[in-house]
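Make a model of the complete structure from these sequences and hints.
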Amino acid sequence: MENDGKRRAFLKVLGLGSVSLGTAGYSVALGTGKAEKKPHYGMIFDQNKCVGCTDCEVACRKVNEVPEGQVRLYVENKTDPSTPMDKKYVRVSCQQCEDAPCVAVCPSKACHRDVKTGIVTMNPDDCIACKYCIVACPYDVRFINHKTKAAENCNFCLNTNLAKGKEPACVESCKYKALVFGDLNDENAYINQILHVKDHVRMKPTYGTKPSLRYIPVVKVGV
Amino acid sequence: MNGAINYTYGFSHGVEWGWPIAVYLLLAGISGGALIVALLVRFYKKQQVDTPLLKAASLVSFVTIALGMVFLVGDLEKPLYFWKILIHYNFTSVMSIGVMAISIYIPLSLIMCFYLFEKEISVVLAKKSQLLGYFEMVMVLLKKIRPMIEVLSVVFAVVICAYTGFLISVLVRFPILNTAILPALFVVSGLSAGTASASMVASYLFKEDTHSSDLKTLHVIEWPIMAVEIMLIAMLFVSLLVGNEFQQTTTVAFQSGVYANLFWFGVMGVGFGLPLVLNFALGKHVAHSHMAFYLSGMASVLGVLCLRMFIIYAGQTFSI
Ligand code: SF4
Ligand code: SF4
Ligand code: SF4
Numbered sequence: 001m002e003n004d005g006k007r008r009a010f011l012k013v014l015g016l017g018s019v020s021l022g023t024a025g026y027s028v029a030l031g032t033g034k035a036e037k038k039p040h041y042g043m044i045f046d047q048n049k050c051v052g053c054t055d056c057e058v059a060c061r062k063v064n065e066v067p068e069g070q071v072r073l074y075v076e077n078k079t080d081p082s083t084p085m086d087k088k089y090v091r092v093s094c095q096q097c098e099d100a101p102c103v104a105v106c107p108s109k110a111c112h113r114d115v116k117t118g119i120v121t122m123n124p125d126d127c128i129a130c131k132y133c134i135v136a137c138p139y140d141v142r143f144i145n146h147k148t149k150a151a152e153n154c155n156f157c158l159n160t161n162l163a164k165g166k167e168p169a170c171v172e173s174c175k176y177k178a179l180v181f182g183d184l185n186d187e188n189a190y191i192n193q194i195l196h197v198k199d200h201v202r203m204k205p206t207y208g209t210k211p212s213l214r215y216i217p218v219v220k221v222g223v
Numbered sequence: 001m002n003g004a005i006n007y008t009y010g011f012s013h014g015v016e017w018g019w020p021i022a023v024y025l026l027l028a029g030i031s032g033g034a035l036i037v038a039l040l041v042r043f044y045k046k047q048q049v050d051t052p053l054l055k056a057a058s059l060v061s062f063v064t065i066a067l068g069m070v071f072l073v074g075d076l077e078k079p080l081y082f083w084k085i086l087i088h089y090n091f092t093s094v095m096s097i098g099v100m101a102i103s104i105y106i107p108l109s110l111i112m113c114f115y116l117f118e119k120e121i122s123v124v125l126a127k128k129s130q131l132l133g134y135f136e137m138v139m140v141l142l143k144k145i146r147p148m149i150e151v152l153s154v155v156f157a158v159v160i161c162a163y164t165g166f167l168i169s170v171l172v173r174f175p176i177l178n179t180a181i182l183p184a185l186f187v188v189s190g191l192s193a194g195t196a197s198a199s200m201v202a203s204y205l206f207k208e209d210t211h212s213s214d215l216k217t218l219h220v221i222e223w224p225i226m227a228v229e230i231m232l233i234a235m236l237f238v239s240l241l242v243g244n245e246f247q248q249t250t251t252v253a254f255q256s257g258v259y260a261n262l263f264w265f266g267v268m269g270v271g272f273g274l275p276l277v278l279n280f281a282l283g284k285h286v287a288h289s290h291m292a293f294y295l296s297g298m299a300s301v302l303g304v305l306c307l308r309m310f311i312i313y314a315g316q317t318f319s320i
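Protein sequence lines correspond, in order, to chains A and B. Going by the working numbering, the first sequence opens with residue 1, and the numbers climb by one from there. Going by the working numbering, the second sequence opens with residue 1, and the numbers climb by one from there.
I should point out that these hints are in silico values taken from the structure, not numbers from a laboratory. Ideal placement from N, C-alpha and C gives every residue a C-beta, glycine not left out.
Dumping the calculated BS3-like pairs for lysine-lysine here, alpha-carbon to alpha-carbon at most 30 Å:
#, chain 1, residue 1, chain 2, residue 2
1, A, Lys-210, A, Lys-87
2, A, Lys-109, B, Lys-84
3, A, Lys-109, B, Lys-78
4, A, Lys-116, B, Lys-78
5, B, Lys-84, A, Lys-116
6, B, Lys-78, A, Lys-147
7, A, Lys-175, A, Lys-78
8, B, Lys-84, A, Lys-147
9, B, Lys-84, A, Lys-149
10, B, Lys-78, A, Lys-149
11, B, Lys-144, B, Lys-46
12, A, Lys-88, A, Lys-49
13, B, Lys-78, A, Lys-62
Non-contacting residues of chain B with respect to chain A, defined by C-beta distances greater than 12 Å in every case (computed):
#, residue
14, Glu-120
15, Ser-122
16, Ala-162
17, Ile-181
18, Pro-183
19, Asp-209
20, Thr-217
21, Met-235
22, Val-242
23, Phe-265
24, Leu-276
25, His-285
Here it is in structure tokens:
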């Protein structure tokens, strides 16, 4: 009962910060004798809803202090030139792979998986900027931050918005609700409700890295 | 690939690992290759004396790997943080494994230099008698384990050559790099550059006759090494040609543009063609001349540099 309540109030739990989230899960596991599943955060990009306004890009850069001229998130215009009226956009950002090559190759463990949340993130102080993670990432979504001189990727705002109990900046800023963020391990989470009813794909699944980002493509029906 | 949705934009904008890495890969190859051939000749001929070839190879391997480290560390955006990889060791990273191998290999090649330049080092240290005393003490110990050090040196020299290939063959985004042939190609091309460098230094610095028995041996094994190298490059090409659609598109790298020129003029022309012409096409007189000896040696090294450059640049240019 208490367990269910906690799950449903997912965002409120997040409000306590990732540290307390871990401990909350732990105490529940102790209390019920059942092992609480670790969270597995994912995100949906719905191509049907995205209008290419780039509010998400702006919000991300502001919240995460990404230097001028650099991005963690980019909205690419993929409109087919032969059908210019059918606008199509796609989110370019870290796919938060479950089997992340960037984590595997990093010689200094600067690029790592956060223990509490499982999010692929960075410890900029340990990064020697060898760029191995950048060339190893099959999605080409890492970069060396000009200011910190360390590699960087979208980490679901782990140490900015998420730490403050808010949704990631891009999700928060999307007026069209094209982005949904949540715990894929939580059956009741809104993200799972959407994934149950909508067709969705992973980007370049042949790499076998199991991305946590899901894309709902525009599918043309009829003539 | 997923036809429904896709993106073409990437954040890296071009070649992330540039020429310093290519030069490092060449230097590591020369270092490992030189030590491997010289020690194998020693084992094979059961040599007990210290030959000019072994002297040259030890010197070459230590100097090139040390210089290589300068290029490698210099290419980091934060070179002063280099030590971080020694304390945050990551067993799944080829780079970490390579760093561990290098930190064993460099001392090994240094010890090889100690054996072969003991007299010279003693002369230099003679002014500081205390240091000389320590050095002599250490040498007494080191000499007892020389056969073991020699075998370990060969083993780690192979590891160094091969790991540089594995380092880049794990990069799945780049079809030219992501092949199993690369580590083998790097070992073999390292052998050819190492052979050439060691022979040239043996002749130039240590006055080994270019027709001495050791250098003749190297001269003989040079051609089979080259043949294997060409075969591996052909295998790489064919594996791309018969591969999936992305692998197939990368074969352009061999067919047109600057990289094709680098490959055909640099790797094939200078690296393989020039030595062959100098040694076989212009008659015995030219083939036995000093000029031909140094020219074809330098051509081999240059060819291997071009190969590394080609692999690094063309490899990263053609991504999926
Ligand atoms: S998309 Fe790239 S940066 Fe993100 S987790 Fe996967 S490999 Fe790492
Ligand atoms: S650039 Fe930094 S994060 Fe990336 S692999 Fe190198 S040390 Fe690790
Ligand atoms: S989740 Fe945060 S870091 Fe990632 S793209 Fe959105 S705003 Fe940027």
